[in-house]
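Colleague: Sequence:
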Amino acid sequence: MILPREFYERDTLTVARELLGQVLVRETPEGTVRGSIVETEAYLGPRDDAAHSYKGKSERVRVQYGPAGCAYIYMIYGMHYCLNITSGPPGVPEVVLIRALEPLSGFELMEKRRGTGKLLNLCSGPGKLCRAFDIGADLYGVDLCRPGSLYLEGGNKPESISSSKRIGIDYAVMTRDMPWRFTAAGNKFLSRPG
DNA sequence: ATGCAGATCGTCT
DNA sequence: GACGATCTGCATC
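Okay, so the first sequence: first residue is 89 according to the numbering used here, each after it adds one.
Hints were generated in silico from the structure; no laboratory data involved. The beta-carbon is built from N, C-alpha and C at its ideal position, and this holds for glycine as well. Where hints are given, some of them may not hold.
Claimed, not checked - The calculated DSS-like cross-link candidates involving lysine-lysine, where the alpha carbons are at most 30 Å apart (straight line), are:
(1) K143 to K253
(2) K276 to K253
(3) K253 to K145
What the hints assert, rightly or not - FRET-style restraints, in silico, Cβ to Cβ:
(4) P235 to P267: 31 to 37 Å
(5) S251 to K276: 17 to 23 Å
(6) S193 to P134: 37 to 43 Å
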């Protein structure tokens with residue numbers, strides 16, 4: 089049931105689309121939470137001026153140069169974490185940002201971590217879902233193709249997929265208008281309408 | 001419904 | 001020293 093590495097070793101735009109409907113699982117001593125991926129964005133390395141790896145190697149992006157199917161996690165605005173999954177051929181620094189999940193199980197634990205009981209607000213954003221899933225710097229580089237504290241298992245494809253411009257990257261003059269955001273069409277758990 | 005300020009720190013120039 | 005692949009609460013229309 090866990091998605092194999094080959095799933096992630098394909099073209100990153102394909103991976104970003106195919107990740108929709110797959111299920112993210114987080115296991116901790118407190119319990120297990122699950123969510124279906126409903127929103128992703130592709131970041132295409134040196135040919136994408138919105139990508140963290142646009143300018144090449146640095147300590148922060150080092151996991152992007154390793155195998156596909158691993159967690160690339162970074163802190164943003166000094167207070168939120170964002171979860172990405174490495175993709176493409178080995179050594180190619182491309183990733184898929186996980187932007188929203190539809191909660192499937194572990195509702196109480198997610199609500200406790202998020203400090204809200206509103207289901208629609210639990211995982212509808214990259215920072216929100218990391219909080220709900222207790223994803224932080226300690227999971228940097230974790231292999232998502234193996235059972236453990238964080239992994240991905242097969243789910244159901246959405247009925248249809250929409251693409252749109254990526255969010256919050258207007259500084260990227262070259263690629264800011266590229267339709268590299270993917271959403272499960274009409275899903276209610278998006279960070280914003282697709 | 002739309003808009004803006006504030007929080008807060010790792011990373012890179 | 002500046003700036004985010006964000007979220008929240010509060011203000012205004």
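Colleague: What are the numbers of the hints the structure violates, in ascending order?
Modeller: none
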